[in-house]
Structure formats: C-alpha cells, structure tokens
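Place chain B on chain A using the hints.
Protein chains: 2
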Amino acid sequence: MAHRSPLAPKEFPALPPVPGVRMASGACGVRYEGREDLLLVELTPGTTVAGVFTRSRMPSAPVDWCRKAVTGGAARAVVVNTGNANAFTGAAGIQAVEKTVSGACALLGCRPEEVFVASTGVIAEKMDPAPIVSALPGLRDKLRDDAWEAAATAIMTTDTFPKGASRSAVIDGRPVVLSGIAKGAGMIAPDMATMLAFVFTDAALPAGVLETCLRPAADKSFNAVSVDGDTSTSDTVLLFATGAGADHPPITSLGDPRLRDFRRKLTELLIDLAQQIVRDGEGASKFATITVTGAASARAARRIARAIADSPLVKTAIAGADANWGRIVMAVGKAGERAERDRLAIHIGGVRVAENGTAVPGYDEAPVAAHMKGREVEIAVDVGVGRGRATVWTCDLTEEYIRINADYRS
Amino acid sequence: MAHRSPLAPKEFPALPPVPGVRMASGACGVRYEGREDLLLVELTPGTTVAGVFTRSRMPSAPVDWCRKAVTGGAARAVVVNTGNANAFTGAAGIQAVEKTVSGACALLGCRPEEVFVASTGVIAEKMDPAPIVSALPGLRDKLRDDAWEAAATAIMTTDTFPKGASRSAVIDGRPVVLSGIAKGAGMIAPDMATMLAFVFTDAALPAGVLETCLRPAADKSFNAVSVDGDTSTSDTVLLFATGAGADHPPITSLGDPRLRDFRRKLTELLIDLAQQIVRDGEGASKFATITVTGAASARAARRIARAIADSPLVKTAIAGADANWGRIVMAVGKAGERAERDRLAIHIGGVRVAENGTAVPGYDEAPVAAHMKGREVEIAVDVGVGRGRATVWTCDLTEEYIRINADYRS
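These protein sequence lines are chains A and B, in that order.
Residues in the first sequence are numbered from 1 upward in steps of one, following this note's numbering.
Residues in the second sequence are numbered from 1 upward in steps of one, following this note's numbering.
Same shape as in the complex, but just chain A (with noise of 0.2 Å):
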C-alpha cells in the first residue's frame, strides 16, 4: 500500500502461534482485485468463544448471526471477507451468510452454530457468497499456525498497516499464550471500514469464564477509542480458547483469582490493538491520550473524555498543533455530566495550564506548544466533583480525513 499512517508501529510484531489454531488467507475476489480479501481459521475440536458485537441498531447480518452462534459457546472455524459488509441487505444477507457457513461445515465437519462469520466492507450492496464458498477448500489445503501478518494483511479495508498483538500470561502458575489480530481504520468508517478483532488463546475455559474477561477487557480497549466517533454496523470482538496443551487445572468460577493475570493481559492486548486502530485513524498525524479525574463516576468520566475526544474543535486543534484549551473547556461543558467549572484543572503534556476555572497565571506556554507539535498528545483533566476516571485514545481530525471520505467510492 502507497501510504502508510505515520502513525504506525516499525513493523508487524512477532507473534507466537496458539497450539489449536491455523489460519490461511487469499483472494476470492468479492469485490478487490489482486489482493488478499478472505481469511480462514480453523480451530481444534473443544474451542470456547466468547463476543462482544456493535451497539448499533443497524447490525449487519454477519453480526446478528454470530450474536446468536456464540451463545453455544462452541467454536470451529472463523471466516471474514473484506469488500462487502453484507449489511443493510435485508433477507439475501441472511443467506449468504448461511451459505459461507455451510461452506465451512462442509469442509471441517461441524455444526453451523460453530462457524463464525465477519464482513468489512461496502454497506447495503448484496453480497454474493458464491466466490467465498468457492475458495474456502484452497485456503483449508493451505492451513498453517504462523500466518498471522498474512492473516492481519487480509482483513484491512482502509488500513495502511495490519494489526498483531500477543501476549503471555500465567495461570495457576502455568503459561498460556494468547495471540490476536484486528482491522480498522476510523472508528468507524461505516463504509470500507469496521473494527474486527479476533484473539486466540490456548488456555482451557469454558464460554462462560471466557465471557466475563473479554467483556471488561473490551469496555477498557475497544470502548475507550475513537477515531470519529460513528459506530459502525460490524463491529465485531470474538476470543477463542482452544485449550489445546494447556496444562493449567479447570477454572470454572467465574470470579476465580487464578485468573487475575489473564485477564490484565487479555486486557492490555486489547488496549494494543485497539490503539493501533486509533493510530491508523483515517488521515490521523497524531495519537492523543485523554484522561478525566474527578468526575462523579467512571461512567461520567468516560462520557467527558470521549465528548474530548470526539469534539471537532478539540480534533482540528490537535490537528494544527494549537494548545487551543478552551475547546477543552466547550467540550467538558457539552458532555452533560457533572463538571465543576470553577474547579476544573487542565494539562497538556503535564504542564497546567488552567486551574480553579480559569488560566494559570502566566504559564509556561513554550513546552505545551513543543508538546502539541509532538506525535503524541497528552490531555489531562480533572473536573473537582468526584474520584471517577478515565482514558480514551483518539486521533486528530485533519484535511486528509475529508478527502478520504468526501471522495469515498468512486
């Protein structure tokens, strides 16, 4: 791809293969010519899934359907197409997906309920399973566990870079590792452009424990970014624990301690790739970090960052490199949450600059407009009512972002 975001990581990490896991990746031509749009996983016998989906009112028949199979909990197989969303397309989206489905049962002998299904791509054009269905037995002769860059590489729509992330964690004192990779660029582009995650682990739970770590580790991650602040129709989060190797005792209770350190690394994994769609946010120069203390709640807290984080005053002057902090103030007003105006304290880059609802007498102004210059913007803002907090991550909004999406589909 021409451009990459300045923003990226060097290059894609390494990351380790999950026993129970393979993958393998091609064209089947359902909307892109020459590249790689189709992803296959398959996943041993016994797999746990558990699924956090979009909010949105408008789900795609790809998310309705996995809404459904993962409350089986069972898992065999993964298959995600990028060029078509299949949503908003009425009762043929709910064919196709059927069809890709029987597709992949065919091949891995297994039951519908344990196929799971993702599309990234145009809105409200019908999709034509046909070419999927017909590619899926090349991509099984070609399963491999290692093929993660190729795999992250397939699902990009928009992306200018794929997305990894891995990390090992401990349980009951044994290892296990878990391995994931995402897609998005905006969050969301409704259009070309839809946050998918899909996270592999080869820890032994059942669906049920599975469910409540992904859930909090979601709300922390992929609920704490934005790139634009519109929600797309697809957006999709599925963990699978293939419990293949693993050598750690059951856990079964959903509360069990034993658990604690998974669960911070699922959780910071999580933070990893939902940060890398942050920084490839379309036409992003910059990766900003917001912070609110001292709100009533961490629900109202988060409410004040993302209003921050959202606000297209705020993202220009991110954008122009401009320590234009009275747009924090607009934004921590608009939030509807309670705000203390004659308490509120605001840093950049850990210089005050206001303090007790007003500018701080004869600040420093030189390392805050070095700071904004940067790649990385800090924003710190406690508003004096209470002990809530919380960060979000988001991009600025820059020229470039209009073109993208001024100027989408033709």
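A hint or two may mislead.
What the hints assert, rightly or not - Listed below are several chain B residues computed to face chain A (Cβ distance under 7 Å; list not exhaustive):
(1) Thr233
(2) Ala319
(3) Gly333
(4) Lys334
(5) Asn405
Note that these hints are calculated values from the structure, not bench results.
All figures in this text were calculated on a predicted structure; none of them were measured in a lab.
Ideal placement from N, C-alpha and C gives every residue a C-beta, glycine not left out.
Relative to the frame of chain A, chain B by itself:
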C-alpha cells in the same frame, strides 16, 4: 470581508424598526483593529424579556449574569462585545460583567438587573471592560432605530455575513412587528464563534408570557440546527417586548389562544436566523435538511436526526456529493433510539433509495446524484416504529472547516 459563504443570502433583509428599540455600534478595540466590535441596544422603560441559554456546564460569565437577570423580567439595555467571550475567566470575568453593567446603568439611568450582556470571542482570556465602558457614551449619542445591519455586523466573529430576519404578526387582530439579529458560524466554535440572537417586538407581553413563547420557538429553531455538534459556553437567545405603541388588548394568560400567530411568526423568525447560522457554518458548501419520521417520539426523532446531522461520515459524504446512504444507516444505528432495521426507508432529494431494510432494487441513481451535487440537500428517513418526527438543519464538513479550525488563533 474577503470570503462570503456560498450559502449566504444575496443581501441583508430590510428590517423594520421596532418601536422602543434603538441601537448603535462602534469600535472599542477589545481585540480587533479597524472593525466594529461593540453593540449597544437601548430599550424603552417597561420592556419585558425572556431568554434561553447554553446547556453547557461551563457557561461564560455573561451567561451566568443573564440567566439571573432574566428572572427579573425587565430590560433596558443590551451590551454585546466581540473579540473576547469572557468565558472561563473566574472571578475576574464576573467583575468585568459588573463593570460593563454599571457603565450602562449610569448612562441610561436603570437598574443592573435590567442590563443584558453578551460576549463572544476567545475563551479563557481575561477581558478588560474599560474599553467597553469608555465607548458606551459615544454609542448612546448615536442611537438609531434602523441600524440593524450595522448591529448585526458588529456582533460577527468568524461569520461571513450579517444575519437578520423580521416578521409581522397579529395579536387579537392588531399588528405587531418582530425584528431580530443573530451571529454564529460553527454551531458552535467556542473559540470565536458562538450563537447569539437578539429579537425585539413591540408587542406588550409580560415576561412570563414571553418565556412561554420563546422556549418552544427556540427548541424548533436554534436547537434544531447543527454545524459541528459542539456546544458553546456562551449561547444566548434573548427576546425583548417593548410594548411601545402596541394597541392590542392585554395578554396575561400563558396559554392565550390570541398568541397563536405571534408564536408562529416568532418560530418562523428564529428558524430563519438559525438557518442563516447554518448557512454560515465554517467551511460549509452545502445546506442539508434532515427529516426523520416514524420514530418512537418527537424526541427520539430529534436524536436520530442529530446523529445523522452530526456524523462526520454523513457530512463528508454530503461535501463530496456522494449519495452514500449506507452512512445514514450507520448514523441511525448509533443514535441509540428505537429503529426497525428491516422497515427502514430513506429518501434523498425525494427519491426512495432504501426500503424494508435494504436498497430499492434498481432505483435510478441519476436524479439522486444530481440532487447531491446541488447546494441544498434533502434527506428523509423513516425508522418504522412510531409517529415521532423531527427536522434538523445542518451543513457539510469540508477541508475548509479543518483549515479554519486547525489553525485558528495564529
């Protein structure tokens, strides 16, 4: 001014004088050189007032002042300065308001709570009231009843054209006049653009009655427009009724049916001003009307319409003349209100493009594409659950918006 919005009206409308209202503008030099930045309006004794103000939790000192003063229901003067919003200025901000008010009181022989002030401009910079107070006597000496265009021009910040509107109405068969001015570009750039509107009538109405006329009219106008979804610290709408020369019988009941025409014309006038603000939206090249029907309630319809109007992806699609209505589906989905995906219908420029949750088979794209290329875009969405409806007016999001806001203060 060099640049004038392509959506601006041909010329400033002819506004009739309102008996009991005189005005004068001048240059006091709060911030700008060589342009008028101060407006004084004198109101005849007996004038009543009602106001609606920003919902921001970070209101400016003038908003704090007006919100309190308006409870007295009487008005003798309005003082408006541009260049400095006197927002987030702590105790110094309150003192600046008090000094301005004292100056006006001394000049006109009235009580402090009869003086209304508004400031628009940079946030969080201390404002010296001395130049304002010094300039007031000079303005008093040149008060006129027909200086509407100069008044509307003096309150501009990043506005590219002055905004005014008038209507005549009848109360119990007797004519009254309404004339008003507004400013704002960007709904609402907190830095130098804030929505202010001042409307005057010669009707003789108690403050309580005026209030019940203003609130629903403001809700259908200023609360139904959006440029960038940001909310100012300073938004102020004030309605003054002088009673000067009005010969309609006394109206004292809040729900008096004889006010029907007055209410209707007031709403029309505020919609006119509010739409002028959208037409001067920062960087705007197109004016869009978003109508939502079939929602669970009017409030739900408004929220869905705003989600569409505020979506950066919808706004950039409008900018690019791209009939990419998948983004409208996305915005409906994220609004959080009830909507039936499989009954959703979308019209663009009167052409039905989606129905029953998917694209209309073989609809003619040519008239839709032609409509999207025009200056005025009409989007109608039926969400298929109830009878709630709402209309919101907005503009597109262009590279020019980014240029204006990413490099503002320099």
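Here's how the hints hold up against the structure:
{"no.": "1", "hint": "Thr233", "in the structure": "holds (6 Å)"}
{"no.": "2", "hint": "Ala319", "in the structure": "holds (4 Å)"}
{"no.": "3", "hint": "Gly333", "in the structure": "holds (3 Å)"}
{"no.": "4", "hint": "Lys334", "in the structure": "holds (4 Å)"}
{"no.": "5", "hint": "Asn405", "in the structure": "holds (4 Å)"}
Checked against the numbered hints given earlier, the structure satisfies every one of them.
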